[in-house]
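2 protein chains.
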Amino acid sequence: MRIVELTKDTKDNILENLLKRSPNNYGEYEAVVSDILANVKANKDAAVFEYTLKFDKAAINADNILVTQDEIEEAYSVVEPALIDVIRKALVNIEDYHRKQKQYSWFDSTPQGTILGQKVTPLEWVGVYVPGGKAVYPSSVLMNVVPAVVAGVDHIIMTTPPNKEGKVNPVTLVAAKEAGVKEIYKVGGAQAIAALAYGTESIPKVDKIVGPGNIFVALAKKSVYGHVSIDSIAGPSEILVLADETANPRYVAADLLSQAEHDELASSILVTTSRELAEKVSVEVENFVQVLSRKEIIEKSLNNYGYILVAKDMEEAIAVANEIASEHLEIMTKDPYAVMTKIRNAGAIFLGEYSSEPLGDYFAGPNHILPTNGTAKFFSPLSVDDFIKKSSIISYSREALEPIHKDIEQFAKSEQLTAHANSIAVRFETL
Amino acid sequence: MRIVELTKDTKDNILENLLKRSPNNYGEYEAVVSDILANVKANKDAAVFEYTLKFDKAAINADNILVTQDEIEEAYSVVEPALIDVIRKALVNIEDYHRKQKQYSWFDSTPQGTILGQKVTPLEWVGVYVPGGKAVYPSSVLMNVVPAVVAGVDHIIMTTPPNKEGKVNPVTLVAAKEAGVKEIYKVGGAQAIAALAYGTESIPKVDKIVGPGNIFVALAKKSVYGHVSIDSIAGPSEILVLADETANPRYVAADLLSQAEHDELASSILVTTSRELAEKVSVEVENFVQVLSRKEIIEKSLNNYGYILVAKDMEEAIAVANEIASEHLEIMTKDPYAVMTKIRNAGAIFLGEYSSEPLGDYFAGPNHILPTNGTAKFFSPLSVDDFIKKSSIISYSREALEPIHKDIEQFAKSEQLTAHANSIAVRFETL
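These protein sequence lines are chains D and G, in that order.
FYI, the numbering for the first sequence is 1158 to 1588, going by the numbering used here.
FYI, the numbering for the second sequence is 1158 to 1588, going by the numbering used here.
This is chain D alone, in the form it adopts within the complex:
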């Protein structure tokens, strides 16, 4: 793995290189996606079935689009019982953590008769997109569905592309059922996003669409944003390890590789104050790569977006970590908590040498759907917050309004909004 001394120039180059992975740079597919959206909006089910035949080679119609109880039972009979057990154990942790995120309605009152507050209401309809293809990620199903369940969403539906026999992967079905999904529709791609955003004869319109997908899915989600809500656009996975001379090079190397294996756009970065550690990690990485099953992907991803950066001190190392704003940040230093207090930007922060990133992907409880590609500067992990919304509550008595009514009228008039002023004045007019 390449070792680079951290300077202003190397930093700027790396930041620019990482941004190349942004889904904002795939404009060439926008026209295709926009056609699919328009077609599904106009022709509903007919368009959905046509695209599913074209892209997934599956003959789906109004009678077989919904996964049946029989198909769910069949899925349970083929998935390894030990895996179902692990899914259930992870689910307990994920539910526990997300329950702590719940926000509650509140109000505050004064004896003059004012009540101000904030009412928290779960979303009514949520659509979860689950990608198809050879890679199946039951962990992502849990991470998308659990916060919606904890928030109290009334209707959580799922869409996922069928294979050419019209079937959905059994592990996806088991994970969905365990997490609490009631309805699963066999449709994928931009056509699934369009169906969820506009509704069809078979698929209900939802208020929010969540879940990762390919570039067509990402562009479709971005395009329907505003008409419905979406989670943030998922980019390629990332890890940044902040380490000093006390870190175990073997652990650091293994953790860097755990992200590099995701895909060729994934990024793995070590920022360290120790050149000795840098060199040892580089060697460990080379050794591990030879024995790992996804060697080809890992090599490409490390060549494209893998770096070992040597910083002159921890302050400089922390500064670059904040600028990169990595999806996953591991801190393996003498005092990881002290370093953590200086971290502004990261999706999830892992502290100490036993907090390896896959622990968070699968088991600890916090969500593994995290802001990528620098968006941890302003976005948060998927959470219960994503499945609620708030309404302000305002209640004034005559006694409370009377002493301020002229102030409000003056403010409104200063903005030339005389009907606003009138709506206050009319309450105090003497007839």
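Treat the hints with caution; some may be incorrect.
Remember, identical chains collapse to one label, so a pair may be satisfied in a single copy or spanning two.
Calculated lysine-lysine pairs in the BS3-like style (CA-CA distance at most 27 Å, straight line) [to be verified]:
#, residue 1, residue 2
1, K1168, K1198
2, K1457, K1168
3, K1177, K1379
4, K1334, K1321
5, K1499, K1362
6, K1198, K1165
7, K1570, K1324
8, K1246, K1276
9, K1452, K1257
10, K1452, K1570
11, K1563, K1246
12, K1334, K1168
Simulated from the structure, these hints should not be mistaken for lab results.
All values reported here derive from a predicted model rather than from experimental measurement.
Following the hints, complete the assembly by docking chain G onto the known chain D.
Leaving out everything else, chain G in the frame of chain D:
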């Protein structure tokens, strides 16, 4: 004002009509906006100055783009002192309310050495857009800036278009200064959004852009979403009044008109169980319209998007209110709190006959930047939440990881992610 009996058909027609106002339907301007964004991204200041000359007829350069201390002082000398007083009184209420929205970092630990938590961090850079033109809304300046200040944002900068003498409206400057803005840049339109999203020599790149604007500003914000964060896309203003036979028709009429005066796309809807009230309100509206200064706008907006709907009972009235998901919802019924419990979708809910909507626009404290055009089904009022983000905290000891390490490895292997499994296994290998 037209009176319509509420049926499935009238409801569907009204919902369809209201959606015509969506900023999703202005695709014709997308090419213009996308050119402006690309030009500012490539040519930075030079492009910004060129557009400001072209659109605002103002000669702005690197030396005069920033509002000076002298200009602020001049603004204070020309704004009516009584208005400054009202701004300060409103500010106290707005700050009080928003402080109650603050969220805090939390963690939870187990004696096995696990710590899980959520770290709350304010955004570092926020850009507030303030429209120029004849209409000046100091109240919107306060509503955009205060939640960012309360959240603890480090750098809050503002952009607003200059007039052709290169000056910014003094009321805007006073409101910005009072609210706590430190830097104000004289640039407007899509070019301002581009400058905030990408940064120029003069204007810093921000993490999030908030504030209303015209269609060019709205499209530019939507386009840069993902590269930076934005608040929700503002649509035309709306009010829905839910009233029974106990409501004062004069108050209802005045409140409907307070939204109708905003612009021709604004929507004012009364849903009532009382035909007698419907008729009285209609008469009161006609009387008020004659004496209000914005008569022309009001008449157009009522013709386009104004309705008095007569429902057969309160249950039906509430159901349609939830479907419309209005920005502002007033409840004027015998027991407004009982009705409120059944409201799922509204930006702000005003209870009782003294809680007129302009009280919320100017003075009560809750934010007046609210989800419009049905988006209250999934979006929330602008709040302190918009100016913070969260990071998950995960810390495990060897003791805590040991009993579950094989579970995690199995889960990872089931997803064919062997490097993930390896990063856990390496911690327990016997050398």
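Status of K1257 relative to K1452 across identical chains (alpha carbons, at most 27 Å): neither (39 Å within a copy, 52 Å between copies)
Homo-oligomer pair classification [K1379, K1177; C-alpha up to 27 Å]: Close inside one copy (18 Å) and across copies (20 Å); limit 27 Å.
Within, between, both or neither, where K1334 and K1168 count as close if Cα-Cα is 27 Å or less: For K1334 and K1168, the Cα distance exceeds 27 Å both inside one copy (45 Å) and across copies (36 Å).
Within, between, both or neither: K1168, K1198 at alpha-carbon 27 Å: between (45 Å within a copy, 20 Å between copies)
Within, between, both or neither: K1563, K1246 at alpha-carbon 27 Å: Between copies only: 12 Å across chains, 61 Å inside a chain, cut-off 27 Å.
Status of K1168 relative to K1457 across identical chains (alpha carbons, at most 27 Å): within (21 Å within a copy, 56 Å between copies)
Intra/inter-copy verdict for K1198 and K1165 if alpha-carbon distance must be at most 27 Å: Result: close only across copies, 21 Å inter versus 49 Å intra.
Same-copy or cross-copy closeness of K1246 to K1276 [CA-CA at most 27 Å]: Between copies only: 25 Å across chains, 33 Å inside a chain, cut-off 27 Å.
Same-copy or cross-copy closeness of K1499 to K1362 [CA-CA at most 27 Å]: Between copies only: 22 Å across, 43 Å inside.
Identical-chain pair category, K1334 with K1321, by Cα at 27 Å: within (22 Å within a copy, 63 Å between copies)
Homomeric proximity label, K1570 with K1324: Cα distance no greater than 27 Å: between (64 Å within a copy, 23 Å between copies)
Identical-chain pair category, K1452 with K1570, by Cα at 27 Å: Result: close only across copies, 15 Å inter versus 69 Å intra.
This entry does not satisfy hints 9, 12, going by the numbered hints stated previously.
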